[in-house]
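Using the hints provided, position chain H relative to the given structure of chain R.
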Amino acid sequence: MTARKILLVPLDPVHDVGLKMIRRGLAEAGHETMLLPPDLSVEEVVQEVMRTAPDTVLISRTLGYGVAEVLARLVDLLDAVGVRDRIRLGVGGMAVRPELAAELGFDGGFGPGTTVAEALAFVEDREYRQVQGDSRKEKQDFTAGYSYEYRHRGIREKLAAITDMILTWAENKTSPGVERAAVREELWDVDRWRNYEPVNDFFNAYAGLCGETARNFYEKGIFPPKTRRFTRKEVAALEDYVSRTAERMMAPRLQRGRPKPLVFNQYGTGCPFMDIGHIKVSEGWGADGVIHFDPSWGARTEGLFDGFLTHEEDGTLITPANLNRIKKSLEPGTLWQVRAHRGLNTPETAVLAGKIGADLTKINICYGALGAGTEPARMTVDGIWTIRYAAKYNLPFDVVTNEELCGVPAYKAFAGMLITVDLALRLGGRPVLQPLFCYSPEVMIGGQMEDNYVDFNAAKVVALKQIIDAPVWPGAPVGFLTQTEDRVQSSAATAFHACAAAMLGADAVTIASSDEAYSGGPISVPAKIDTLQAVKAGFRFFGRLELTPTRQAELWSEEIIAGIEDTLARVVEKGDFVQALYDGVLGSREDGAYPGRNGRGTVIEK
Amino acid sequence: MSKVMDNIMDALDLETFLVCGSEEEGRRLTLQMVKELGFKDADIVFIQFQGPGVRVRARAYVHRSGDVYGWLGGEVVS
Numbered sequence: 001m002t003a004r005k006i007l008l009v010p011l012d013p014v015h016d017v018g019l020k021m022i023r024r025g026l027a028e029a030g031h032e033t034m035l036l037p038p039d040l041s042v043e044e045v046v047q048e049v050m051r052t053a054p055d056t057v058l059i060s061r062t063l064g065y066g067v068a069e070v071l072a073r074l075v076d077l078l079d080a081v082g083v084r085d086r087i088r089l090g091v092g093g094m095a096v097r098p099e100l101a102a103e104l105g106f107d108g109g110f111g112p113g114t115t116v117a118e119a120l121a122f123v124e125d126r127e128y129r130q131v132q133g134d135s136r137k138e139k140q141d142f143t144a145g146y147s148y149e150y151r152h153r154g155i156r157e158k159l160a161a162i163t164d165m166i167l168t169w170a171e172n173k174t175s176p177g178v179e180r181a182a183v184r185e186e187l188w189d190v191d192r193w194r195n196y197e198p199v200n201d202f203f204n205a206y207a208g209l210c211g212e213t214a215r216n217f218y219e220k221g222i223f224p225p226k227t228r229r230f231t232r233k234e235v236a237a238l239e240d241y242v243s244r245t246a247e248r249m250m251a252p253r254l255q256r257g258r259p260k261p262l263v264f265n266q267y268g269t270g271c272p273f274m275d276i277g278h279i280k281v282s283e284g285w286g287a288d289g290v291i292h293f294d295p296s297w298g299a300r301t302e303g304l305f306d307g308f309l310t311h312e313e314d315g316t317l318i319t320p321a322n323l324n325r326i327k328k329s330l331e332p333g334t335l336w337q338v339r340a341h342r343g344l345n346t347p348e349t350a351v352l353a354g355k356i357g358a359d360l361t362k363i364n365i366c367y368g369a370l371g372a373g374t375e376p377a378r379m380t381v382d383g384i385w386t387i388r389y390a391a392k393y394n395l396p397f398d399v400v401t402n403e404e405l406c407g408v409p410a411y412k413a414f415a416g417m418l419i420t421v422d423l424a425l426r427l428g429g430r431p432v433l434q435p436l437f438c439y440s441p442e443v444m445i446g447g448q449m450e451d452n453y454v455d456f457n458a459a460k461v462v463a464l465k466q467i468i469d470a471p472v473w474p475g476a477p478v479g480f481l482t483q484t485e486d487r488v489q490s491s492a493a494t495a496f497h498a499c500a501a502a503m504l505g506a507d508a509v510t511i512a513s514s515d516e517a518y519s520g521g522p523i524s525v526p527a528k529i530d531t532l533q534a535v536k537a538g539f540r541f542f543g544r545l546e547l548t549p550t551r552q553a554e555l556w557s558e559e560i561i562a563g564i565e566d567t568l569a570r571v572v573e574k575g576d577f578v579q580a581l582y583d584g585v586l587g588s589r590e591d592g593a594y595p596g597r598n599g600r601g602t603v604i605e606k
Numbered sequence: 001m002s003k004v005m006d007n008i009m010d011a012l013d014l015e016t017f018l019v020c021g022s023e024e025e026g027r028r029l030t031l032q033m034v035k036e037l038g039f040k041d042a043d044i045v046f047i048q049f050q051g052p053g054v055r056v057r058a059r060a061y062v063h064r065s066g067d068v069y070g071w072l073g074g075e076v077v078s
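Going down the list, the sequences are from chains R and H. When we follow full-length UniProt numbering, the leftmost residue of the first sequence carries the number 1, and every step to the right adds one. When we follow full-length UniProt numbering, the leftmost residue of the second sequence carries the number 1, and every step to the right adds one.
Chain R on its own, in the form it takes in the complex (with noise of 0.2 Å):
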């Protein structure tokens, strides 16, 4: 490479930072820089390049006003003293457009978000490589690390004898829901399946034990409502898609200098296809990794479906097929979570995770039982063999208290919380915490957010980490009923609340798109890019600062610490932890929580 000289020219009254920037790059590189001072006048300016005699001129522009008629009256008094065409002419800073600076005869024009890399491109006369963001992301498992030890003595003694009562409870009992999982455990061959051969002995095992619809799907080819199998055409037309976009994919990172917390969001159109275009544009845009959604009477249908299937409502089937496009379009450093939690499919839906690739689940019985509608005798033996399928399959599973949005307090969707989370310790099992950080129905009506939104999160948070030492992924998503359809508000309100997990040493956060509090239609794409750039912009502003809990959160999280005891106390004393979910120990119908009837009769003694 050879080494130029390159005059740098702020011509502008005061600024010159981009300039010195783009001179220290150049330095480095090898070039000989002159900057000269600020507030010169173009003939002045024409002047410095006659008397230096420069390869390069690079003018930087910050102010708009007059901005076409100066940079027009230096190209013509350049060219009127005969030395344009022996320089290579460049233009930058925040009032400038390429396409102005084509217009009035620059060799190159740099708009706001120049990078140093592009001026010393355009310096050496070569074609300027996008480098391809952090293409070294890769997959983090943020429940490394924690020893899962109890720091609160009554509690873990609490949660033992619970976690007894349970799986004594449940040693003799099954349901269609685990049966259909052990099937596709012994009987569905992934590799099988991916080389098309067929898996006959599955299919004939497995449809006598769906229920009606996935049943009449199996024998009589009758699809679910709004639902269809894509065409070859669509699916070669996918796989271009998807090629073409690998070839020019970014990873950026949203955290910066930060190492967590690692940033989720959720897909699930009812369109595979549509989910691949919402993933690539999350990835492109920062997300670590998504979250799939299936719809919501999938919870309600004993079985899943087969094959490559859109839906045309909110919610995108859980078939192998569906799972596996998905699976095959993310980027390597992509995390990749498919929900187990709620519904009748909760077992068989972690072992196909598993088998299928994914990188976490979700569980929760309590939240199952009563805020999801699955009947809690169900849910709990079911929950059980998720939870061993989810630590066979080494899934990471974060457990939800999105019951407080019924109306059940903190502390005992936090007791419910934690009896899973004991439950899956005991079974090998790698649970995640996940505190709601919601504007809850307990808050609006006793007005622990009246003033901020910030103490009673913390104070969730600073519970947690007093009672175990286990990884806090807060969701889901961050900041339920706070935000509105203004997608400015939506999405601050989105940002502060990441911002405030990520102060507080959570290490994932799941965030919603800007459409969050619109009900009227599907989300758009640009509303998750909205919502990714916010939060980025929040990362940015915070960088590693912490937030310390105030005195009144403190308080707070003491309350909520002996809430949980106090519930748990109660189950233990009840004796049964089924009828406990009954009798409303971990939220009651005046709380808001109704036990689920979905599956209601379906236990069965072994």
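These are computed hints drawn from the structure, not numbers from a lab. For glycine and all other residues, C-beta sits at the position ideal for the given N, C-alpha and C. Any given hint might turn out to be false.
Straight-line C-alpha distance at most 25 Å; calculated DSS-like pairs for lysine-lysine [unchecked claim]: (1) H:40 with R:226; (2) R:392 with R:327; (3) R:137 with R:536; (4) R:260 with R:465; (5) H:3 with R:233; (6) H:35 with H:3.
Which residues of chain R face chain H? A partial, calculated answer using Cβ under 7 Å [to be verified]: (7) 270; (8) 271; (9) 274; (10) 481; (11) 485; (12) 486; (13) 524.
Frame of chain R; chain H shown alone:
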């Protein structure tokens, strides 16, 4: 639908400020604007009236789930 619209992944949002006397008028004007631009599958995502008029975001869905997506290219373009 034009070829450019094929490239819209899912929806086109139109954000602006309309000078009007009430939210109701703003809503009517917004829907009229979207209709005049040729969009049929449209909705108002956000509208807020203050004295001078409405801050509004309208949305036209170009591709909904289960449609044939123009952005996939190739022979599947409708």
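Taking the hints in turn, this is what the structure says about them:
1. Distance restraint check for residue 40 (chain H) and residue 226 (chain R): the Cα-Cα separation of roughly 21 Å lies within the 25 Å cut-off, and the hinted pair is therefore satisfied.
2. The straight-line distance between the Cα atoms of residue 392 (chain R) and residue 327 (chain R) is roughly 20 Å, inside the 25 Å bound, and the hint therefore holds.
3. For the hint pairing residue 137 (chain R) with residue 536 (chain R), the CA-to-CA distance comes to about 16 Å; that is within 25 Å, so the pair holds.
4. For the hint linking residue 260 (chain R) to residue 465 (chain R), the alpha-carbon distance of about 17 Å falls within 25 Å, and the restraint holds.
5. Only pairs whose Cα atoms come within 25 Å are accepted, and residue 3 (chain H) paired with residue 233 (chain R) is accepted, the gap being roughly 19 Å.
6. Between residue 35 (chain H) and residue 3 (chain H), the direct Cα distance comes to roughly 19 Å. Compliance with the 25 Å bound is thereby established for this hinted pair.
7. This hint holds: residue 270 (chain R) has a C-beta 4 Å from the nearest C-beta of chain H, less than the 7 Å allowed.
8. With a least beta-carbon distance of about 4 Å to chain H, the hint placing residue 271 (chain R) at the interface is held under the 7 Å criterion.
9. Taken as an interface hint, residue 274 (chain R) checks out: its beta carbon lies about 5 Å from the nearest beta carbon of chain H, inside 7 Å.
10. A hinted interface residue such as residue 481 (chain R) counts as satisfied when its beta carbon comes closer than 7 Å to some beta carbon of chain H; here the least separation is about 17 Å, so the hint is violated.
11. Annotation: interface hint on residue 485 (chain R) holds; nearest CB of chain H at approximately 4 Å, less than 7 Å.
12. At its closest, the beta carbon of residue 486 (chain R) sits 5 Å from a beta carbon of chain H; the interface hint therefore holds under the 7 Å criterion.
13. Hint status for residue 524 (chain R) relative to chain H: holds, with the closest Cβ pair at about 4 Å, below 7 Å.
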